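Visitor: So the chains spell out like this:
There are 2 protein chains.
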Amino acid sequence: MNSLPLGSSIGILGGGQLGRMLSVAAARLGYKTHIFEPSAHPPAAEVAHAVTTAGYDDIAALQAFAASVDVITYEFENIPTAALDALEALRPIRPNRRALAISQDRILEKDFLTSLGLTCAPYAAVQSLPDLEAAIATIGTPAILKTTRLGYDGKGQARIKTAEDAAEAHASMKGAASVLEGFISFSHEVSVIAARGLDGSVACYDPGENVHKDGILHTTTLPAKLSPSLRSDAILLAARILNALDYVGVMGVELFVTPQGLIVNEIAPRVHNSGHWTQNGCAVDQFEQHIRAVAGLPLGDGARHSDVVMENLIGDDIARLPQILRENDCAVHLYGKAEARAGRKMGHVNRVIRKG
Amino acid sequence: MNSLPLGSSIGILGGGQLGRMLSVAAARLGYKTHIFEPSAHPPAAEVAHAVTTAGYDDIAALQAFAASVDVITYEFENIPTAALDALEALRPIRPNRRALAISQDRILEKDFLTSLGLTCAPYAAVQSLPDLEAAIATIGTPAILKTTRLGYDGKGQARIKTAEDAAEAHASMKGAASVLEGFISFSHEVSVIAARGLDGSVACYDPGENVHKDGILHTTTLPAKLSPSLRSDAILLAARILNALDYVGVMGVELFVTPQGLIVNEIAPRVHNSGHWTQNGCAVDQFEQHIRAVAGLPLGDGARHSDVVMENLIGDDIARLPQILRENDCAVHLYGKAEARAGRKMGHVNRVIRKG
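So the sequences go chain by chain: X and F.
Read in the UniProt record's numbering, the first sequence has 172 at position 172, and its numbers run on one by one without any break.
Read in the UniProt record's numbering, the second sequence has 32 at position 32, and its numbers run on one by one without any break.
Bound-form chain X, shown alone (with noise of 0.2 Å):
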């Protein structure tokens, strides 16, 4: 396997906390990182080695980012396509073009992951007010419309609680193409941090519990509430979306817990915020597993040593911060973003349990 020498640069697309605690663990590995990133003093730039302050639609940059590094990968999936021709001229991504195209498009995900024979909820491609209200007569109600890219963390989406809200939601995806889907009833979400190295090796972190609060992931618990035939199907089923995707790097795989099954959420080819607990759970976490197979290293085989609560402190949780630090078996990670938004991951804790 090629494995990038020591002293190697890793270049990263995005400067948020996925691209800092990346950047933390390249260093770790004994590589350097070198963060692009439209924003002025993003997270990322503290811990990183060298920092482009552009934006994606300027070439020149990107390719004297891509120049300048040995390998690229990314923080975020919404990365426009022209961005990504230019860099990969000059140097691989990982993970690949391929899995990028996927997980920026809710309906080519769809079509994917259920040509691998994995469920989703039922949905339908919208385009206009007729073809909403066609997707409702299928689907039924209540149902959920989202635009069909660029979709974050509840952004560029609308409850359709009867099919009178058809025109309302409609309007607000602002002429974007959508998707309807409909509601599932699901006891709980759980998901999935896998990663495939470059070998084709992969390696999965045991699934946790995600519960949301305003569309927002608020807790991941390990481990989580479900069977061991449950538990085993989660981790195939990711390790069948890794492979059938020729995937390099660490994958998020959201999944709904129901009475048939699991149902496939949505996919993220990233290291995802439902994976920070492996920071205190395990001697490898995600960000190093996702750093260890861009880099073409062994990976690590995601064994837990402690159960983890993880919460994430979003705007003015942050001011709990005081009391967090005077609690026992508590990590605490914040991102050094100078002000608390609503709405803004400030950072996360992990609860530690300890074991007798």
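A couple of the hints might just be wrong.
Just so you know, same-sequence chains aren't split out, so a pair can sit in one copy or run between any two.
Said to hold, decoys possible - Straight-line C-alpha distance at most 25 Å; calculated DMTMM-like pairs for lysine to aspartate or glutamate:
hint	residue 1	residue 2
1	K337	D70
2	K355	D301
3	K355	D307
4	K355	D111
5	K355	E327
6	K355	D329
7	K355	D316
8	K174	D111
9	K355	E209
For the record, the hints were derived by calculation from the structure and aren't laboratory data.
A quick note: this is a predicted structure, and the numbers were derived from the prediction, not measured.
With the hints as your guide, set chain F onto chain X.
Guide: For chain F alone, kept in the frame of chain X given last:
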């Protein structure tokens, strides 16, 4: 308690691996770090917000550094007095000057420890060859002659097997003030990583058991072989040292285990190589504990969720990296040093012992 606001900057004297790991811990708590280091491209620079490359005799650079930060700490104890004077005129230095002065001088250190009722190996100050001969007559052989100042990892030391070695040993000190230490018969060495907060609270990690190779720490194993009463003695003794110094920060206290009880080998007023295991054994590691202390935050309680064996990667040990990366439950921490010289600390691994 007057704690540093989020986004404050912590100045660190020294840019080696300890400064590097302190910088990562500071970032995790939402602080920036500024490294002061004479040599170019120090390991800490990769993960720090700012770096000043200047010598400790460059008073203007020291003053600019101090003015740019909110508090100053250090990763090594041999900082020139004039530099400390310049810095302390502008910003608090934590741990304080007294702790530094004592640990910079083996005689002061032993006098201090003895004054607290703690036991050290027999010792005598040596300026001249007649001093040394008299000391050998009192203390006996074998013994070890060490420079009073600037000792580190076996440098500046000469073993004295018989009285006839006196002249050669004295000559090897090159005129530096030195101290003769008697050998003591001990079964093993342990160290306590202890911390004291700005509010005077003390928290200690469980003692680790150290094995040295060629005068350099090789492994630290948790838990150490220690009876409950010696474990308690070790922690109380460390707390006594910290309280006597009105200390703020993490200190490493090396102890010899003998049939007569614990003998203090030496103290280091900083995070310590024998505390690296805490990165994968505790929710709050020694680096974060030190940053919490110097920033005036509450200390973590030092509880251990997992047993750990830490192994240093010295010089060519780094060539074993491909095998090490394939081990399960093994956390790798590299320092980003380009060249593997003999005796150079390149990184360490923490092997986590999973329970049940």
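Visitor: Now tell me if each hint is right for this structure.
Guide: Results for each hint:
no.: 1; hint: K337 with D70; verdict: between (29 Å within a copy, 18 Å between copies)
no.: 2; hint: K355 with D301; verdict: both (21 Å within a copy, 16 Å between copies)
no.: 3; hint: K355 with D307; verdict: both (8 Å within a copy, 11 Å between copies)
no.: 4; hint: K355 with D111; verdict: neither (43 Å within a copy, 42 Å between copies)
no.: 5; hint: K355 with E327; verdict: both (17 Å within a copy, 23 Å between copies)
no.: 6; hint: K355 with D329; verdict: both (11 Å within a copy, 17 Å between copies)
no.: 7; hint: K355 with D316; verdict: neither (32 Å within a copy, 37 Å between copies)
no.: 8; hint: K174 with D111; verdict: within (24 Å within a copy, 78 Å between copies)
no.: 9; hint: K355 with E209; verdict: both (20 Å within a copy, 22 Å between copies)
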